[in-house]
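*Asks:* Each residue of the sequence shown is one higher than the last, beginning at 0 in numbering that gives the first Met the number 0.
To be clear, the hints were calculated from the coordinates, so they are not data collected in a lab. Do not take every clue at face value.
Each computed SDA-like pair below joins lysine to any residue, with the alpha-carbon atoms no more than 25 Å apart [claimed, not checked]: (1) 283 to 168; (2) 283 to 157; (3) 283 to 169; (4) 283 to 177; (5) 283 to 195; (6) 283 to 41; (7) 283 to 165; (8) 283 to 187; (9) 283 to 65; (10) 283 to 222; (11) 283 to 221; (12) 283 to 184; (13) 283 to 189; (14) 283 to 255; (15) 283 to 227; (16) 283 to 246; (17) 283 to 209; (18) 283 to 208; (19) 283 to 111; (20) 283 to 270; (21) 283 to 98; (22) 283 to 97; (23) 283 to 42; (24) 283 to 178; (25) 283 to 171; (26) 283 to 182; (27) 283 to 176; (28) 283 to 64; (29) 283 to 175; (30) 283 to 107; (31) 283 to 95; (32) 283 to 244; (33) 283 to 173; (34) 283 to 188.
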Amino acid sequence: MRKRGHQQYAGARLAAGQRTNVLALVVPLRAGPHDVVVREFVAAAISAAGARDHALLLLTAEEGPAALRRAVSSSVADGVVVMDVEAADPRVPALLGLGRPAVLIGLPDRPHGLGCLDLDFAAAGALCLGHLAGLGHEHVALIGSPPAAYRRGSSSATRLALGFTAEAARRGVRSTTLAWGNTHRRSLRGLDALFARHPGVTGLVVHNETALPAVLACLHHRGLRVPGDVSLVAVGPDSLTAHSLLELTCVAIPAREIGALAVETVIGQLDDGTAPGTRLLAPKLAARASSAPPRLP
């Protein structure tokens, strides 16, 4: 874990009689029933808050800065945890104006002293590429988050892609980045286009947990064996990848750890009035059955 910065958070410390013991948790409304990361994060945050005699007020990201201001100005929430942070997140100015503790799950371009907590996605992208390059793969493709994530400037999606391409350049490995939706049809079309244009691709990194089952099914449909023909590394919750029919090599997103730590961080700010700066958790790769050296021609 890395930590940068540690400064006094003016006005953040509240006297015991002023506190409601309620924290606002901003979650993405677009998260579907298969978004395991969001579910695990919320479950861990609720558990951590309950263990500290706090309750969570759930707000949706689509409600915007106005909902944050209402929750705090009405003295409902002592502090805020915000998920799904964008590179140029419009909620940052609103959070700065609240005068209450706030932790961002993600890393905006300009956090302006707000607490930020996340997996180091740039390092995760580099770690995935490095694993496959170390096995001997010379052309690796990244199947990233859905296109909408890049359009809205999703912090995690952008940072992972940058880390992936930078490590490929450093190692002299060819890299291709793609993004498509989560359906079987889109995955089939995407893989058809990938292998038609780049038949030398022997390694895939998938940073799209909801598309992962479709990608695996479409590889099977094309007659490609994993890892015999194509090695695959997933970036997602370990609970999803470790228990599939084929145990997948994975860089786990520690959603439960981050969820609990985010709550503890906000409560810590309330208790001692200090801001935590930026904390990026170092990624860990578990090598399993889906990655192997490329098959000889």
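*Asks:* Confirm or reject each hint.
*Replies:* Consistency of the hints with the structure:
With a C-alpha separation of about 21 Å, the suggested pairing of residue 283 with residue 168 holds against the 25 Å cut-off. Our distance criterion of 25 Å between C-alpha atoms is met by residue 283 and residue 157, whose separation comes to about 19 Å. For the hint linking residue 283 to residue 169, the alpha-carbon distance of about 20 Å falls within 25 Å, and the restraint holds. With a C-alpha separation of about 23 Å, the suggested pairing of residue 283 with residue 177 holds against the 25 Å cut-off.
For the hint pairing residue 283 with residue 195, the CA-to-CA distance comes to about 33 Å; that exceeds 25 Å, so the pair is violated. A C-alpha spacing of about 22 Å is found between residue 283 and residue 41, which places the hinted pair at or below 25 Å, so the restraint holds. Only pairs whose Cα atoms come within 25 Å are accepted, and residue 283 paired with residue 165 is accepted, the gap being roughly 18 Å. Distance restraint check for residue 283 and residue 187: the Cα-Cα separation of roughly 30 Å exceeds the 25 Å cut-off, and the hinted pair is therefore not satisfied.
With a CA separation close to 38 Å, the supplied pair residue 283 and residue 65 exceeds the 25 Å bound. Between the alpha carbons of residue 283 and residue 222 the distance comes to roughly 31 Å, so the proposed pair goes past 25 Å and is violated. Annotation: proposed proximity of residue 283 to residue 221 is violated, straight-line Cα distance about 31 Å (limit 25 Å). Among the hinted pairs, residue 283 with residue 184 is inconsistent with the structure: their alpha-carbon atoms are about 32 Å apart, more than 25 Å.
For a cut-off of 25 Å, the pair hint linking residue 283 to residue 189 is broken: about 28 Å separates their Cα positions. For a cut-off of 25 Å, the pair hint linking residue 283 to residue 255 stands: about 15 Å separates their Cα positions. Among the hinted pairs, residue 283 with residue 227 is consistent with the structure: their alpha-carbon atoms are about 24 Å apart, no more than 25 Å. Our distance criterion of 25 Å between C-alpha atoms is met by residue 283 and residue 246, whose separation comes to about 16 Å.
Simply put, residue 283 and residue 209 have alpha-carbon atoms about 21 Å apart, close enough for the 25 Å limit, and the pair holds. Distance check on the hinted pair: residue 283 and residue 208 sit about 17 Å apart at the alpha-carbon level, within 25 Å; holds. Using a Cα cut-off of 25 Å, the hinted pair residue 283 and residue 111 is violated, with the two alpha carbons roughly 29 Å apart. The hinted pair formed by residue 283 and residue 270 fails the criterion: a straight-line CA distance of about 32 Å is larger than 25 Å.
Between residue 283 and residue 98 the alpha-carbon distance is near 35 Å, which puts this suggested pair outside the 25 Å criterion. A distance of roughly 36 Å separates the Cα atoms of residue 283 and residue 97; the hinted pair therefore is violated under the 25 Å criterion. As the CA atoms of residue 283 and residue 42 are separated by approximately 22 Å, the hinted pair is consistent with the 25 Å bound. Straight-line distance between C-alpha atoms of residue 283 and residue 178 comes to about 24 Å, which keeps the hinted pair within the 25 Å bound.
Restraint check for residue 283 and residue 171: satisfied, since their Cα atoms lie roughly 23 Å apart, inside the 25 Å limit. Between residue 283 and residue 182, the direct Cα distance comes to roughly 28 Å. Violation of the 25 Å bound is thereby established for this hinted pair. About 22 Å separates the Cα atoms of residue 283 and residue 176, which keeps this hinted pair within 25 Å; it holds. Restraint check: the Cα-Cα separation between residue 283 and residue 64 comes to about 34 Å, which exceeds 25 Å; the hinted pair is violated.
Under the criterion of a C-alpha separation no larger than 25 Å, the hint pairing residue 283 with residue 175 is consistent with the structure, at around 23 Å. Proposed proximity of residue 283 and residue 107 is supported: the alpha carbons are some 23 Å apart, at most 25 Å. In summary, the hint linking residue 283 to residue 95 is not supported, as the alpha carbons are separated by about 33 Å, beyond the 25 Å threshold. Under the criterion of a C-alpha separation no larger than 25 Å, the hint pairing residue 283 with residue 244 is consistent with the structure, at around 22 Å.
The suggested pairing of residue 283 with residue 173 holds, with an alpha-carbon distance near 23 Å, which does not exceed 25 Å. In summary, the hint linking residue 283 to residue 188 is not supported, as the alpha carbons are separated by about 31 Å, beyond the 25 Å threshold.
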